[in-house]
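Respectively, the protein sequence lines represent chains A and B.
Heads up: the first sequence is residues 1 to 144, going by the numbering used here.
Heads up: the second sequence is residues 1 to 144, going by the numbering used here.
It should be emphasised that the hints constitute simulated quantities derived from the structure, not laboratory data.
Please note that a few of the clues may not be correct.
Note that the list lumps identical chains together, so a pair holds whenever it fits in one copy or between two copies.
Said to hold, decoys possible - Calculated lysine to any residue pairs in the SDA-like style (CA-CA distance at most 20 Å, straight line):
no. : residue 1 : residue 2
1   : LYS45     : GLY121
2   : LYS141    : ASP27
3   : LYS76     : VAL93
4   : LYS45     : ARG132
5   : LYS85     : PHE30
6   : LYS85     : ASP74
Here the structure is a predicted model, which is why all the values come from computation and not from measurement.
There are 2 protein chains.
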Amino acid sequence: MKLYTYFRSSASFRVRIALNLKGLAYDAVFVHLAKGEHRQPQYAKVNAQALVPTLELDDGTRLTQSLAIMEWLDEKHPTPALLPKDPLGRARVRAISDLIACEIHPLNNLRVLQHLKRALGQTQEQIDTWYRYWIADGLQKVEA
Amino acid sequence: MKLYTYFRSSASFRVRIALNLKGLAYDAVFVHLAKGEHRQPQYAKVNAQALVPTLELDDGTRLTQSLAIMEWLDEKHPTPALLPKDPLGRARVRAISDLIACEIHPLNNLRVLQHLKRALGQTQEQIDTWYRYWIADGLQKVEA
């Protein structure tokens, strides 16, 4: 397996943690987001969404979206399990994961922060305030 | 079952579609987001995240986050299935769902649009441009 990843991408982090927990070997291919390597034609062939991570299987099949990759890993390599066995426990873990992946992370993605700067003309200080606001709001919801 | 929902909430829409596809009866409790009913203390007791939907089971257990609710529905009421049976097909459907739920929807949520207006002082026209930008960007990624 080959994982297209970036050290600072929290979505890639999740998948690396899952792979390591399950003891699965993979080759890491680094895509430098800050340098815009994910928007180069070379990476568009790998992932048309221009996002990391992408997990490439040995037969060339490519999986995208961190949570979908983790569900696949859990179905194909069930031990150790990422999700509990009972449906209610699974729903709880998935709800917490979705809260982080859907309510916090997308708002503080590099592409959104760059859009705030370029299209909305926000200063770095305003962008930092935006970042802190959604992190605090989201983590309060996780704790609740 | 009781579903806390709002007609214009696309996350609630997903769950209503799933319940109807599976032919499951439920009582709808309407939470008027535009009037801020989700931020009232009454709803905080139901869902500490102040988000819809919430699915309340007959024993009082409450499930949150639309995709986690749909996975639970699919595990407890497997027919008709929301996901294919093979792991790769499941990964593909989940990736498309996550792309919509994580990359498009959170950026255009009511709370984010209100934040753009109140905290960042954006005009309605700028907010509409923001909305269109992320819808177009996200749906291009889905098509790709």
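Tested hints:
no.: 1; hint: LYS45 with GLY121; in the structure: neither (32 Å within a copy, 39 Å between copies)
no.: 2; hint: LYS141 with ASP27; in the structure: neither (36 Å within a copy, 26 Å between copies)
no.: 3; hint: LYS76 with VAL93; in the structure: both (19 Å within a copy, 16 Å between copies)
no.: 4; hint: LYS45 with ARG132; in the structure: neither (34 Å within a copy, 26 Å between copies)
no.: 5; hint: LYS85 with PHE30; in the structure: neither (34 Å within a copy, 32 Å between copies)
no.: 6; hint: LYS85 with ASP74; in the structure: both (11 Å within a copy, 14 Å between copies)
Violated hints for the displayed structure, listed by number in ascending order: 1, 2, 4, 5.
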